[in-house]
Amino acid sequence: MKAMRDAFGLALQEAGDLFPDLLVVDADNSTATRTDLFKQRFPDRFVQVGVAEQNMVGVAIGLAQCGYRVVASTFAAFLLGRGWEAIRDGVALEALNVVLVGTHAGISVGRDGITHMALEDVALTRTLPNLGVVVPADGTQVRSLLLDALAVGGPYYLRISRWGLGEITPPQQPVRLQDPIVLRPGRDCLVLACGLMTQVALQAARELEDQGLDCGVVCIHTVKPLAAAAFTQLVQGYPCLVVAEEHWSTGGLFGAVAELVVQVDPKPCVPVGVPDVFPDGGDEVELFRAYGLAAADIRAAVWTAMAKANEPRGGMTP
Amino acid sequence: MSRLGPIDAAGIEAFARTIRLEALRLIAAAGSGHPGPALSIADVIAVLYQSVLRTDPRNPRSPSRDRFILSKGHGCAALYAALLSRGFFDRAEASAFRTHGGILQGHPRRSIPGVDATTGPLGLGASIAAGMALARQRQGFRVYALLGDGELQAGLVWEAAQFAAHRMLTNLTYVVDRNGLQFTGATEAIVALEPVTAKWRSFGWDVSCVDGHDVCELHDAFGRAEGRRPHVVIAKTIKGKGVSFMECAVEWHGRAPSPEELQRAEAELGVR
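If you're matching them up, the sequences are chains E and D in order.
Just so we're aligned, residue 74 is where the first sequence starts under the numbering used here, counting upward by one.
Just so we're aligned, residue 3 is where the second sequence starts under the numbering used here, counting upward by one.
Be a bit skeptical, because a hint or two may be false.
Listed next, the stretches of chain E that the computed footprint assigns to chain D, with coverage defined by at least 3 CB atoms under 8 Å from CB atoms of chain D [unchecked claim]:
1) 116 to 123
2) 127 to 136
3) 139 to 150
4) 156 to 167
Pulled from the structure, derived: some chain E residues nowhere near chain D, Cβ distances all over 12 Å [stated by the list, open to error]:
5) Gly89
6) Leu91
7) Asp252
8) Phe351
These aren't lab readings, by the way, just hints derived from the structure by calculation.
Fair warning: this is a prediction, and the values are worked out from it, not measured in the lab.
Ideal placement from N, C-alpha and C gives every residue a C-beta, glycine not left out.
With the sequences and hints as input, model every part of the structure.
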């Protein structure tokens, strides 16, 4: 089973061949983020700034403004935590050709613990005009979406995990920015997921099938922009929705979906995400269970959503 | 030995006076802005735009141009005045300083002809300049960034400074506007910066200390032959320079002159 970061490292090597103007900037994490694979093949196009994330983004801005295509990558927690102002006032404001890649996002960081987990990065980046926000679910998506983002021209924020839960994108499935991937059609409830939670959602849907429920699963890898027309079509006919993400339930994919649902097609919408606490570190599987990201949590959310959908609507309860 | 040609000191001084006047008029017309920080850098900007930078107002995005980044973005009235005077845009556009829909926003935007980077958050311009210098290291043109002295309190400046020295970015020059005052008081009272020169040397930079209002000294410093290190020019300046009641006065960091005050300032700068 290939970890997402390995897929990222290999895809970046490929991108180096495809785009001769591509430079990669790192803040002393290349062996963990796998940008060292790019460095090995293209040493002259690799820029090391050291433990200086603000400067990493500033240097990326300068390079991009001189005509280069730039990937700037480090742990999502540090990229966003420290690079924020430069991301906002440079990369996003000036709509630069920069793909920011935040690795080790979510609680699957595992034993390094809370300071190394980004649980708010999607919420933060999603607020910025011009900046696309992409959360691939497996190695296939990492590769396709990275190459797509570089071809289209940034700015994008690409969020990837240290971990991997296996490939779920069907072999012939086209993977393009902005196009959600319907992994499983259904009738009773639609589970919208991104990142590693897509695999967990598929597992939950299979288990619910044994209980007689027909759940759809869609991978929303591009959290922003989330086109209203395509989204309306996706959720049409479903009585309720569940949104699953490896992120705090505030402001991430659940926020994006909820904001859209209330405008285009109001219906019950239940989140599966990290609750409003600072999680401990530990074993990844244990963390997913402890913080509500297991298949059982998605199953429970589906039942809750369906119960809400069956409640009588309108008027106040006496 | 200087990289630059002979200097027309009188011409540059006249240009600096124009920059001061135009900057104050922009700020007065807008009813807000930063006069003190603009006046202290007028001579630096005049020297750069008259005798140092290779830029072309008719082709402001030419890839081979020298880059100038006003990292202390709040001093932008002086930069806008210089760009206006050099013909990067016309007066009709300039009249809309700090207004909705006007190109001359309250802090520099890269969308303005002649402005090479969006700045305002202190330290960011220094970092962007380092990235540009790296991009152009082998292509023979230069990157200049002008920093405030209070700005040196920002960690990002020193992240960029270490990086630039490590990569031997000899095409990069920072200028520090060492006027000794920041928004709420004296730099040395707020968080002391001295010894500034020793700090830059220890970070691996070549350092020149000059009178930031002496155009000949500035010109000589910018013309220094390239060594193996990036170069910082510590320009000793007076905040509010050129207008007696604004000089060394913290309260003029960020308030616009009234029409009467503008008139007095214009008189001091030689307008009858």
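Right, here's what the structure says about each hint:
1. 116 to 123: holds (count 3)
2. 127 to 136: Check passed, 9 qualifying residues.
3. 139 to 150: Result for this restraint: holds, n = 3.
4. 156 to 167: With 6 residues in contact (Cβ-Cβ under 8 Å with chain D), the coverage given for the segment 156 to 167 of chain E holds.
5. Gly89: holds, 17 Å
6. Leu91: Check passes; 20 Å lies beyond 12 Å.
7. Asp252: holds, 32 Å
8. Phe351: For E/Phe351, whose nearest Cβ neighbour in chain D is about 25 Å away, the distance exceeds 12 Å, so it holds.
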